[in-house]
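Chemist: Position chain B against the provided structure of chain A, taking the given hints into account.
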Amino acid sequence: MTVRLAGVAIFMIAALYTWYGRDYTASFGDVLGPSVFPVIVGIPAMILSASLAVFPTGQVQWPDSPHMLRQVAALAILLGYALLLRDLGFPLATFGLILGIGIVLGGAPLRAVILAAVFAPALWALFDQVLGLPLAFLGRWFD
Amino acid sequence: METLSLLAGGFAVALTPLNIALLLLGCFSGTLIGALPGLGPVNGVAILIPLTFAFGFDATSSLILLSSVYFGAMYGGRISSILLNIPGDEPAVMTTLDGYPMAQRGRAADALAISGVASFFGATVAVIGLTLFAPALARAAIHFGPSDYFALYVLAFITIGGISGVDPRKTLVSALLGLMIATVGLDPISGIPRYTFENYHIYDGVDPIVALVGLFALSEILMLLEKAAIDRAKPIGLDSWLPDVRTIWTTRWAILRGSIVGFVAGVLPGAGASLGSVMAYSMEKQTSDKDGTFGKGDPRGVAAPEAGNNAASGGALIPMLSLGVPGSGTTAVMLAMLISLNVQPGPLLFERQPDLVWGLVASLYMANVALLFLNLPMIGLFSRLMLVPTWALMPIVAAVSFVGVFSISNSGFDLQLMIAFGVLGYLLRKLEVSLVPLVLGLLLGGDMERNLRRAMSISDGDWSVLIASPISITLYILTTAFLGLSIWLARRDHKRTQIRNFEG
Numbered sequence: 001m002t003v004r005l006a007g008v009a010i011f012m013i014a015a016l017y018t019w020y021g022r023d024y025t026a027s028f029g030d031v032l033g034p035s036v037f038p039v040i041v042g043i044p045a046m047i048l049s050a051s052l053a054v055f056p057t058g059q060v061q062w063p064d065s066p067h068m069l070r071q072v073a074a075l076a077i078l079l080g081y082a083l084l085l086r087d088l089g090f091p092l093a094t095f096g097l098i099l100g101i102g103i104v105l106g107g108a109p110l111r112a113v114i115l116a117a118v119f120a121p122a123l124w125a126l127f128d129q130v131l132g133l134p135l136a137f138l139g140r141w142f143d
Numbered sequence: 144m145e146t147l148s149l150l151a152g153g154f155a156v157a158l159t160p161l162n163i164a165l166l167l168l169g170c171f172s173g174t175l176i177g178a179l180p181g182l183g184p185v186n187g188v189a190i191l192i193p194l195t196f197a198f199g200f201d202a203t204s205s206l207i208l209l210s211s212v213y214f215g216a217m218y219g220g221r222i223s224s225i226l227l228n229i230p231g232d233e234p235a236v237m238t239t240l241d242g243y244p245m246a247q248r249g250r251a252a253d254a255l256a257i258s259g260v261a262s263f264f265g266a267t268v269a270v271i272g273l274t275l276f277a278p279a280l281a282r283a284a285i286h287f288g289p290s291d292y293f294a295l296y297v298l299a300f301i302t303i304g305g306i307s308g309v310d311p312r313k314t315l316v317s318a319l320l321g322l323m324i325a326t327v328g329l330d331p332i333s334g335i336p337r338y339t340f341e342n343y344h345i346y347d348g349v350d351p352i353v354a355l356v357g358l359f360a361l362s363e364i365l366m367l368l369e370k371a372a373i374d375r376a377k378p379i380g381l382d383s384w385l386p387d388v389r390t391i392w393t394t395r396w397a398i399l400r401g402s403i404v405g406f407v408a409g410v411l412p413g414a415g416a417s418l419g420s421v422m423a424y425s426m427e428k429q430t431s432d433k434d435g436t437f438g439k440g441d442p443r444g445v446a447a448p449e450a451g452n453n454a455a456s457g458g459a460l461i462p463m464l465s466l467g468v469p470g471s472g473t474t475a476v477m478l479a480m481l482i483s484l485n486v487q488p489g490p491l492l493f494e495r496q497p498d499l500v501w502g503l504v505a506s507l508y509m510a511n512v513a514l515l516f517l518n519l520p521m522i523g524l525f526s527r528l529m530l531v532p533t534w535a536l537m538p539i540v541a542a543v544s545f546v547g548v549f550s551i552s553n554s555g556f557d558l559q560l561m562i563a564f565g566v567l568g569y570l571l572r573k574l575e576v577s578l579v580p581l582v583l584g585l586l587l588g589g590d591m592e593r594n595l596r597r598a599m600s601i602s603d604g605d606w607s608v609l610i611a612s613p614i615s616i617t618l619y620i621l622t623t624a625f626l627g628l629s630i631w632l633a634r635r636d637h638k639r640t641q642i643r644n645f646e647g
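Chains as they are written, first to last, in my numbering: chain A, 1 to 143; chain B, 144 to 647.
Hints listed in this document are in silico derivations from the structure and should not be mistaken for laboratory results. Since the structure is predicted, the reported quantities are computational estimates derived from the model, not experimental observations. Among the hints, a few may not be true.
[As the list claims (entries may be wrong)] Computed far set for chain A versus chain B, every beta-carbon distance over 10 Å:
no.: 1; residue: L110
no.: 2; residue: L138
no.: 3; residue: W141
[Unchecked claim] SDA-like, lysine to any residue: derived pairs with alpha carbons at most 25 Å apart:
no.: 4; chain 1: B; residue 1: K573; chain 2: A; residue 2: F11
no.: 5; chain 1: B; residue 1: K638; chain 2: A; residue 2: R4
no.: 6; chain 1: B; residue 1: K573; chain 2: A; residue 2: V118
no.: 7; chain 1: B; residue 1: K573; chain 2: B; residue 2: A563
no.: 8; chain 1: B; residue 1: K370; chain 2: A; residue 2: V60
no.: 9; chain 1: B; residue 1: K638; chain 2: A; residue 2: T2
no.: 10; chain 1: B; residue 1: K573; chain 2: B; residue 2: V309
no.: 11; chain 1: B; residue 1: K573; chain 2: A; residue 2: R70
no.: 12; chain 1: B; residue 1: K573; chain 2: A; residue 2: Q59
The beta carbon of each residue, even a glycine, is placed where N, CA and C say it ideally should be.
Excised from the complex, chain A in its bound form (with noise of 0.2 Å):
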């Protein structure tokens, strides 16, 4: 069931990639024009995908919601990062995103708040201070 649905939204993605390619219009003195190569890629892919919905092949087996609430989890401590870094500065948000994932990956809290608090602090150590990387050590919302 999975890879049918899989193969519907492809189908659809596909769909829509082609249908907007095709109105680049060419510039004067380009020959084949900007929107040609999406329209040769989007009609196999809406063709195979198409197959895939129609004949599909493979199983595929879901985690159980307790694993599945923990992916959330991730993606959303993972999302709250690459958000909150500039706001938070690269110290912080590494500490929160550490802490949060080594919990969420099954790690004892006090662990992960010991992980989080020798490794943060070290690798804005090493990527700021001796590879020269400019990681700001406090953000936007402490000046």
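Modeler: For chain B alone, coordinates are given in the frame of chain A:
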């Protein structure tokens, strides 16, 4: 003779103190990465590519560092195959068959030493083959026109899934998704934005590194979260690190056969290291398994796939360096490395940057020597690393991935894009869709389109130009033959499983 002097020049490039230091550092940290659970060569190197820019070395040195990390990670993966029965990457699967039983019988040191020696000889065969054939292929490829290149890319995408027996439609869909993502951004010829939806962050297109880190490293975290939170079994301990030299000597013919089989498998498109090790193992089993010892800890069963796998990864460099078209996951990552260092592989690379090509070849060779000597005394350290629990390791991996991607563009948008790729990678892996064709599509899509449009400009819009030269016709015939073979194999496997399901 000329190529020999070029190779000597390559060694001269690679043997500078800085490059030797980078090589040793790369081998060491690579082995660390490979030995750590949940980090394989592909995601290890993907995370490190952006960080390498921070060092500010030239392309050759960066390439030496990254490829020694790669080879180190492959070697580190052997350690976990042998001591834990968990292969670090796909080609290492065959090593577990005899490597783990050997370790169980107290011969772990022998198994590790054999895998090192066999890797070294496999790599030697590959370097010799590379030296002989790659320049010849590059010279032939000078005659390729834009329409021939287009045909070559078609061949590459059809064959990348290999003859693995997975549904070929899934592999093709993956490649097409990669090509779709490659068209996002400003069109390089007409300059109009495509699929950007007024979002200026993606006007430059999707950075392959962002995609690579998300697809491989972040999806691994999601995969790990599926399983129960218990940690793995303990690895088998080592009694001594001194191997038995006589045992290694008994595997000499297995190593030689495995190297040659592996090399041939590596050069063929769509085969790569996994097929190299599988073919080497099954051939060795047919030739020498007279007492039924294979699968129960036969040293030759460790030697053959290891030699085959390394010879194949070296052989796969031939089409990657001389045509710019990788045939396997290994070389796709190498290509990502080259492109991110602003090096365009292809026939001209051999003429314009011989230092880089031969320096890379020489460093691959030296990396194998270094790994052989580095790992024997330090194997105890590396095997202890395998006790690092996943809950402590993966958060650090996530943090380092974020730093690497953030350092490319300093934009939070790239981080979100990377997470999106992580989810995509997870879903595709669940659907048994290989991620390598997608990466390849993303890497080669721009060039594929540019060559098509160049060919059409030359012919003034006449499509028959695509099949006008003997080179492109040959390539299309090969593509059709390969497609037919893989469909036939997939159908046969499908029928077999159906029969098995019916009987069971």
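Chemist: Which numbered conditions among the earlier hints are violated in the structure presented, ordered from lowest to highest?
Modeler: 6
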